[in-house]
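**Student:** Sequence:
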Amino acid sequence: MYPMSVSGNHVFIAGQITLENGELKYQGKLGQEFTVDEGYQAARLCALNIIAQVKAACDGDLDRVVRIVRLGGFVNADGSFHDHPKVVNGASDLMVEVFGDKGRHARAAVGAPALPLNVAVEVDAIVEIS
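So the mapping is simple: my numbering equals the position in the sequence shown, first residue as 1, plus 1311.
A hint or two may mislead.
With beta-carbon atoms standing in for the labels, derived distance ranges [said to hold, decoys possible]:
no., residue 1, residue 2, range
1, G1339, A1363, 19 to 25 Å
2, E1408, D1370, 37 to 43 Å
3, S1316, V1407, 31 to 37 Å
4, D1348, S1441, 32 to 38 Å
Lysine to aspartate or glutamate pairs mimicking EDC-like chemistry, simulated, CA-CA at most 20 Å apart [said to hold, decoys possible]:
no., residue 1, residue 2
5, K1413, D1389
6, K1397, E1408
7, K1397, E1439
These aren't lab readings, by the way, just hints derived from the structure by calculation. The beta carbon of each residue, even a glycine, is placed where N, CA and C say it ideally should be.
Sequences and hints are given; from them, build the entire structure.
**Tutor:** As structure tokens, then:
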């Protein structure tokens, strides 16, 4: 499996997790180990990893980004947690901060009973490039 695949003018980015400098961060569940605000930061970290994959796909030139088309956010949460969209806003807000109007996108924000490596959040993306 590869972290991203380019097809035509689109980059399909596999789920990015809460990895920072080779170290896993935010392992656990929202509603148990983490608050909504901490989940927001976890999603933001996932988005930073998405941007790194986009940069690699664009040979280092983020000006080639035409639009962030879609984000898919997965939140590791217990059954009583219902603020998945507020968590995934961490990724969405960063895309708009970095890319302006080109960062506005469609999105899914869903809960999951478990995620790989017990990370709190995972986010995937589809990005249009030139």
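**Student:** Would you mind marking each hint as holding or not holding in the structure?
**Tutor:** Hint check:
1. G1339 to A1363: 19 to 25 Å: 24 Å, holds
2. E1408 to D1370: 37 to 43 Å: Given range 37 to 43 Å: violated, Cβ gap about 23 Å.
3. S1316 to V1407: 31 to 37 Å: For V1407 against S1316, whose Cβ atoms are near 24 Å apart, the range 31 to 37 Å is violated.
4. D1348 to S1441: 32 to 38 Å: 36 Å, holds
5. K1413 to D1389: 34 Å, violated
6. K1397 to E1408: 16 Å, holds
7. K1397 to E1439: Violated - the C-alpha atoms of E1439 and K1397 are around 25 Å apart, more than 20 Å.
Violation of the numbered hints given earlier is confined to hints 2, 3, 5 and 7; the remaining hints are satisfied by the structure.
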